[in-house]
Structures are given as C-alpha cells and as structure tokens.
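Sequences and hints are given; from them, build the entire structure.
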Amino acid sequence: MTTTEGPTAHLLMDARDPRSGKLDARRVASTFGLTMRELAQALERDPSGLSKHPTSDSLQEPLHELEEIGLHLREVFGDLGVGRMWLRAPNPVLEGRAPLSYLLERRPVAVQRLLLLAETGTPT
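Per full-length UniProt numbering, residue 1 is the first one in the sequence shown, and the count goes up by one each step.
Keep in mind that a hint or two might mislead.
Stated by the list, open to error - In silico DMTMM-like links for lysine to aspartate or glutamate, alpha-carbon gap of 25 Å or less: (1) K52 x E105; (2) K52 x E65; (3) K52 x E119; (4) K52 x E67; (5) K22 x E65; (6) K22 x E68; (7) K22 x E95; (8) K22 x E38; (9) K52 x D79; (10) K22 x D46; (11) K52 x E95; (12) K22 x E61; (13) K52 x D14; (14) K52 x E75; (15) K22 x E44; (16) K52 x E38; (17) K52 x D17.
Quick caveat, the hints were computed from the structure, so don't treat them as lab data.
These numbers come from a predicted model, not from an experiment.
Take a look at the structure:
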C-alpha cells in the first residue's frame with residue numbers, strides 16, 4: 001500500500017520493514033524495480049551484504065536518499081509505477097540515457113535535478 005497523503009506521506013511505506021520501520025534494501029529494490037545487484041551498485045555496497053543485512057543501520061542514510069527520490073517520483077508522476085518507467089526509459093534530455101543510469105553511477109543529484117525540471121513542466 002502506498003500512502004500519498006496524511007501523516008505517512010513522507011514515507012515510502014512499501015520500502016520499509018513493517019516490524020522495525022526501517023528502510024529495507026530488499027523492499028527498496030522492489031519498490032524501484034531494481035535487482036539487488038543494481039541496488040548494490042547504486043549504493044556502492046556488496047550485494048551479499050545487502051541481502052544478509054537489509055535493514056542495517058549503516059544502510060539507512062543511503063536508502064533514505066533513494067526514498068527521497070521515490071517520493072519525488074511519486075509526486076511528479078502521481079504514481080510510483082509511472083516513475084519506475086521514467087527511470088528506465090531513454091531520455092532525450094540525457095542524450096538518450098535512462099535516468100536510472102545516473103543512479104547506478106552513484107549520481108542521484110542528476111536524477112533529482114531532472115525531476116525538478118519535470119516538476120516545473122519542462123519536458124524530460
């Protein structure tokens with residue numbers, strides 16, 4: 001269930017462990033439509049470590065950065081599913097590269113800037 005209004009609007013509920021409330025690497029990967037290997041690449045982490053300790057305290061800050069991008073995707077596109085498609089689609093503003101490629105290169109600021117352009121109505 002994804003909540004876009006109310007007291008949990010600032011959270012990607014599907015990306016969080018329901019027992020601890022922490023961001024969970026497996027759930028974040030699923031929420032973004034990523035493999036664990038892709039998520040590990042985006043976070044500069046070992047895939048096996050992510051799988052063994054998906055809610056590790058050391059992961060919370062980098063996972064929170066992705067949660068922020070997910071919230072922005074949901075806000076801009078009205079639906080995180082559409083946002084996932086946008087992440088993977090070749091983008092003319094990026095000379096045909098998909099925004100996801102910037103996440104995998106550990107350049108989330110580029111994706112955030114592109115989302116800001118989309119939010120203002122600039123074609124992205």
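Legend entry - Given hint D79 paired with K52 - CA-CA distance at most 25 Å: 30 Å, violated
Inset, instruction - For the pair supplied as a hint, K52 and E65, confirm whether the alpha-carbon distance does not exceed 25 Å. - result: Given that 25 Å is the threshold and the Cα spacing comes to 21 Å, the pair holds.
Legend entry - Straight-line alpha-carbon gap K52 to E95, limit 25 Å: With Cα atoms ~37 Å apart, K52 and E95 exceed 25 Å; violated.
Inset, instruction - Would you mind confirming whether the straight-line C-alpha gap from K22 to E68 stays at or under 25 Å? - result: Holds. K22 to E68 sits at ~14 Å (cutoff 25 Å).
Legend entry - Hint consistency between K52 and E105 [alpha-carbon to alpha-carbon, up to 25 Å]: Roughly 23 Å between the alpha carbons, so the hint for K52 and E105 holds.
Legend entry - Given hint E38 paired with K22 - CA-CA distance at most 25 Å: Holds, at about 20 Å.
Inset, instruction - For the pair we were handed, K22 and D46, check the Cα-Cα distance against 25 Å. - result: 19 Å, holds
Legend entry - Proposed proximity, D17 with K52 (alpha carbon, max 25 Å): Holds - the C-alpha atoms of D17 and K52 are around 14 Å apart, at most 25 Å.
Inset, instruction - Would you mind confirming whether the straight-line C-alpha gap from K22 to E65 stays at or under 25 Å? - result: With a Cα-Cα distance of about 13 Å, the restraint between K22 and E65 holds, given a limit of 25 Å.
Legend entry - Restraint status (C-alpha distance of K52 to E67 at most 25 Å): Measuring from Cα to Cα gives roughly 20 Å; hence the hint holds.
Legend entry - Given hint E95 paired with K22 - CA-CA distance at most 25 Å: Roughly 36 Å separates the two Cα atoms, so the pair is violated.
Legend entry - Straight-line alpha-carbon gap K52 to E38, limit 25 Å: Holds. K52 to E38 sits at ~16 Å (cutoff 25 Å).
In this structure, the hints that do not hold are numbers 3, 7, 9, 11 and 14, in rising order.
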